[in-house]
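Protein chains: 2
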Amino acid sequence: MKSCWLSFPPLFCLHQIKSTKHTLPKKQRKRVRQRKSYNSKQHLTLHSHQNNTHTTMASTSSLTLTQALLARAISYSSSSDTTTPRAIHLPALPSFSGLKSAPRASSSSSRRRLPARATRRVRAQAVTLDATAETALVEKSVNTIRFLAIDAVEKANSGHPGLPMGCAPMGHILYDEVMRYNPKNPYWFNRDRFVLSAGHGCMLQYALLHLAGYDSVKEEDLAQFRQWESRTPGHPENFETPGVEVTTGPLGQGIANAVGLALAEKNLAARYNKPDSEIVDHYTYVILGDGCQMEGISNEACSLAGHWGLGKLIAFYDDNHISIDGDTEIAFTENVDKRFEALGWHVIWVKEGNTGYDEIRAAIKEAKAVTDKPTLIKVTTTIGFGSPNKANSYSVHGSALGAKEVDATRQNLGWPHPPLHVPEEVKAHWSRHVPEGAALEAEWNAKFAEYEKKYPAEAAELKSIITGELPAGWEKALPTYTPESPAEATRNLSQTNLNALAQVLPGLLGGSADLASSNMTLLKMFGDFQKDTPEERNVRFGVREHGMGAICNGIALHSPGLIPYCATFFVFTDYMRAAIRISALSEAGVIYVMTHDSIGLGEDGPTHQPIEHLASFRAMPNVLMLRPADGNETAGSYKVAVLNRKRPSILALSRQKLPQLPGTSIEGVEKGGYIISDNSSGNKPDVILIGTGSELEIAAKAAEELRKEGKAVRVVSLVSWELFDEQSDSYKESVFPAAVSARVSIEAGSTFGWGKIVGDKGKSIGIDRFGASAPAGKIYKEFGLTVEAVVAAAKQVS
Amino acid sequence: MKSCWLSFPPLFCLHQIKSTKHTLPKKQRKRVRQRKSYNSKQHLTLHSHQNNTHTTMASTSSLTLTQALLARAISYSSSSDTTTPRAIHLPALPSFSGLKSAPRASSSSSRRRLPARATRRVRAQAVTLDATAETALVEKSVNTIRFLAIDAVEKANSGHPGLPMGCAPMGHILYDEVMRYNPKNPYWFNRDRFVLSAGHGCMLQYALLHLAGYDSVKEEDLAQFRQWESRTPGHPENFETPGVEVTTGPLGQGIANAVGLALAEKNLAARYNKPDSEIVDHYTYVILGDGCQMEGISNEACSLAGHWGLGKLIAFYDDNHISIDGDTEIAFTENVDKRFEALGWHVIWVKEGNTGYDEIRAAIKEAKAVTDKPTLIKVTTTIGFGSPNKANSYSVHGSALGAKEVDATRQNLGWPHPPLHVPEEVKAHWSRHVPEGAALEAEWNAKFAEYEKKYPAEAAELKSIITGELPAGWEKALPTYTPESPAEATRNLSQTNLNALAQVLPGLLGGSADLASSNMTLLKMFGDFQKDTPEERNVRFGVREHGMGAICNGIALHSPGLIPYCATFFVFTDYMRAAIRISALSEAGVIYVMTHDSIGLGEDGPTHQPIEHLASFRAMPNVLMLRPADGNETAGSYKVAVLNRKRPSILALSRQKLPQLPGTSIEGVEKGGYIISDNSSGNKPDVILIGTGSELEIAAKAAEELRKEGKAVRVVSLVSWELFDEQSDSYKESVFPAAVSARVSIEAGSTFGWGKIVGDKGKSIGIDRFGASAPAGKIYKEFGLTVEAVVAAAKQVS
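If you read the protein sequences in the order shown, they are chains A and B. Counting in full-length UniProt numbering, the first sequence runs from 1 upward without gaps. Counting in full-length UniProt numbering, the second sequence runs from 1 upward without gaps.
Mixed in with the good hints, there may be bad ones.
If several chains are the same, the list does not tell them apart, and a pair holds so long as it fits within one copy or across any two.
[What the hints assert, rightly or not] Taking lysine to aspartate or glutamate pairs in the DMTMM-like style, the calculated list, with each CA pair at most 25 Å apart, reads:
hint : residue 1 : residue 2
1    : Lys-756   : Glu-733
2    : Lys-778   : Glu-219
3    : Lys-365   : Asp-337
4    : Lys-781   : Glu-229
Calculated from the structure, these hints are not laboratory results. The structure presented is a predicted model; accordingly, all values stated were derived computationally and were not measured.
Whenever a hint applies, use it, and build me the whole structure from the sequences.
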């Protein structure tokens, strides 16, 4: 059942309905008829989203069908809305409207364009008109979606038509009947989120965005599917296509992102909603397929979703029994329903998803009624529905149908239209979403303005979360250290930073994969985010690194001011690498707090000791790999991490205590590499010693030894290679003069990649084998990571 | 119920029992009494392992208790076995005995030492002696295990005492009562496998190996727990400690390894067992904890185990409600039992795992009776059982108890002994496992000798799987190519190799994570390994990359001659990186067939295009990263991969067609880097162009252009950096003369790491950003991976 679009009490809706006097254009009549098939037994019902109370209009007012139809009409014709009742006079819009920082080439003017008078609507459901015509229109819309996918894939001769053909009905119902969004501002804060976890079926989403009126997917964009620089790439990419929330394709990521989006909503709603204003209130919808279901990450994330009771997460499982290798019988015979029940989900099965519109609608209604559990709607569909020769086979999964089969499908589904055509009545039918969406946003903006008046402090916080604007002076919270400050493990220094920042950054929240007391990630002033305490900011992920990373991606992409952090041992980034890569690609500024960053963790041995991990992330695009050496560098790393909202930061932190080194600084970290000490002159030291993290101390000590012997020695901290790369040539030359080829690096990790830093004549001291189980000091010594080794190497090269 | 140790028909056992005349020493009487508590209602029963048929002795013979006891006695005293019946005369041992290639510092002499006359035993279960003393001995043994763990962790002041204290009862029952193994030959082929998936509890396994008589864990090894170069590292490592099957610690890996071990058993049993000889016949046991359960990889692997119906996989879930962050309630409230039922497992709950010996025994019996499903035995235990102040808390999970609490625990459990002490009666009790194990192996060897006589072809194949000795001349199966051979994608060439090799390598088996038709991994002469066709060699992993990798580790470590391969898109190595790292660390020679290895895959876009992956694996120790350019190089890569049984190989293969290049060769690949063409003389080209994989063609074409302009150009294929690194300095100089600094590399991946190859004056053409969605040719051009770019760079540097 549809909710009242308004969060105002039902009477407000009634009032509005009664005071409208428009006649209903033909296309809206059709729309109203469609409602009938949705739930013909229901009277016109207003449904308050959050508290699940119902007010049946037929029983509380003398509302007529005509009146109900009139009410709907408002939303289609704002300019003709001349008899606006008092309640419709909107307050001035707040100066922001839930905008995310502008995407590439997005049109901010169009996003901000709102109708002169925002309009309202309410959906009529008790109409008794003939359903045939309505269903015919729905089917035409559904077939439009199917053929947009078929034709775009055919044109590109590349792509995945099967899923869109099977999922078009649920896609239609979601975008046309259920979801609340504003096509002209894809970043409106309170929109419902949709995630296509089965990202290969992206033509489904592009078709829906196109029909809904998003500027990001115009007809020419559909025609450019999978082409260079198009807005319609081969898998959904949030950074390319406004309206796409997250980047999917790698299976299982999307459902986990959706858990993050739903977590963010639940947390923000708990923190900012007031009894008289549900300012945060949206659903998160997902479509996932068999592939997503098989991936371990989805089980991790869904186990957490069940644990957290994310009632506003509604996932559609496209149960089509086909994956790339053929029938799922060959590798996937588990009972998915039962597994999800075991994970604490509400499960509904729609047995005929190709045509069962009413069943899909009823399932969504049921899902919304279950507020303490996420819902899995298993929708049994036919992959490639409509293709007479390829439906229900793997051949329709990931290839164009081919001209002959496209024709046969057109024949079969009665589709006489040319490629990429949207019939006029379908266009007309969908056209209301632009004014409706604008009205929704205007409505919410008005609500926010009232909220702001009553709750200025909360509003200011929420605004900073919505806009991503960091509170002025936040960086003053960062701790600083002197060489006299006590030695401390950088993991502990990290906790000091996190706790300092949590007090000034309302968007900071996160936790660890069951290693909070080792990663030192607890925010001491907050409790645990749990089902019954969703306002808290310590997230307990359990031993689920991969799900954790992807959930954090969802949190980060929910709102620009949400700054999720997550933690495990550095070596276990291997478990979550696919999620970290998506952070980097999708510009999600997650902070990865990765402790136990070397053999320095000691006895746990080689399974727990990272070796190649620094190198492996330095090679990954758009990641900031930071390895601070002490207190100031840890603070600097957090400064950089917080400021970089469009790229993830990975902080590699020590288990073992490290001294506060003279010469380190926050500013130094911001440059990525800098001189911490130097007794040379004229930018011409005899030798440059380079270290990172825990080995910077060794470099510094070796320098002291060498200086005692009269050498001019520079010590450089190369805390972040990426940041250093971005510095000017002159700055780089000031740190690593081309003329000085005597360079020695030391780092407790692979030497891979250091060749470029130390040059042909330099030397790299590192570890190019697996670690060992023993006390840390012993391993350092046996592995030759010592002051003596650096001194010897320095003498060799200089 | 206990199985008959013998695989001979029951009558053989009876014969043997009747003809023995030994009296029973005191310690064996105790052992017999212990049986009573196991199943006091049973008569002495012989249980044929494989077909689950039972022959109750009491009903088929006049066997007396005394006779039964006598039967047991045989196994303890082989030297006094003077009245050997005919059936006990063993054939000469075959020249091999299921040996795996020798581990570091293992004593092959002790492993091969067998008693002069192998002995037999059968277990008596119908005795009616008093159980009290027996239970007391079991408890003493269990407490021995607990205190070995407590004391070793205390001595190291590092480690995880909690799990061993809670799991000691199930550990005792497994190693003392259930499992079939030979302590003096940890590599005996037909042993039961045990995996401690919760690897942090490794002191449990070390204590059990110690009690069972493995030479790898002597008292001095226990005292060296977690110390430099000890046999008892911080997590179980198969390459350090014979008796440890796989390397665990990273959670969830072990249970997935166990699925691989059980798959291997099921496959080999189906292929080699005969109606008259079950030559392959063992169980795989696992202990996993809450952490393993939360990891997605375990759900992936267990879903497959259920799908495959791995009835001889029995997993104990240590359900102790505590993980590092505290009570599992904070992050893990799913219904694990129900989830496993949904995955197709048989589930049993032992509610009192701390003391419920009989319940554990009964559960194992039940599990064995269910032959078409794997079994999860959920054993509810108390972490740190026995510690009066720390039991049932996270504080006992991963830290030494501390002297005071160790004392209190000694007091509480009535343990007066000094640290690391094994009471004499416990020693005596366990001492039979050495002769028993030797007998088991001798028995099996005899059986194999008979099998070999009857089925020489099968025996030869199985032998090569058991020993890892590759069939002579296998490499002749590798295809070769000339420049005239048609252009082909290396993924297709890979399939040609796989199909050629499968015919000569009986141990080759594997498959893809639902991308068989993209990865080109199907073995055309075989069907699918499935529940009802376990003899086949195409494995369908579903979309479960992480589980796939770990399952392949299990297969590889089952038998030296098993050569598992697995496949997905190269970019999705991110999903399975933790498993690949374990391949490398644990010396599992898995072949990773990774196709779609660059932007050359085209339209699928950046989520599917690897960039940093080559670099990230080049940095990982003990991995062979191979990127062949054409047919000969693909064959060469397979040759290297097959030969390297102790390190995994990753083959990066193209989606797109590539020409057969002049100058490539199998021999070249074996050197890692080699010259494919050169028009210089005196080892002094003007410029060296270096390429890998699909870009070698570009380098070759650029060389042609440059040569036309009169340049002396060398083209080097650097197909495997690791192999090249292992060549002699003189060979390296012959390829990359130090005097030639004009070097240009081209590779469709990150330039990270190339600095060392091209040197300070060289240039690297690569991709240091994410990919894009477009036809492949377009992306190559836009990204500057062109002949023109190489020519220009060559002119710049030379």
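Against the structure, the hints come out as follows:
1. Lys-756 - Glu-733: Answer is both: 14 Å inside a copy and 20 Å across each meet the 25 Å cutoff.
2. Lys-778 - Glu-219: Only across copies: Lys-778 and Glu-219 sit 22 Å apart there, 66 Å inside one copy, limit 25 Å.
3. Lys-365 - Asp-337: within (19 Å within a copy, 30 Å between copies)
4. Lys-781 - Glu-229: between (52 Å within a copy, 13 Å between copies)
When held up to the earlier numbered hints, the structure conflicts with none and fits them all.
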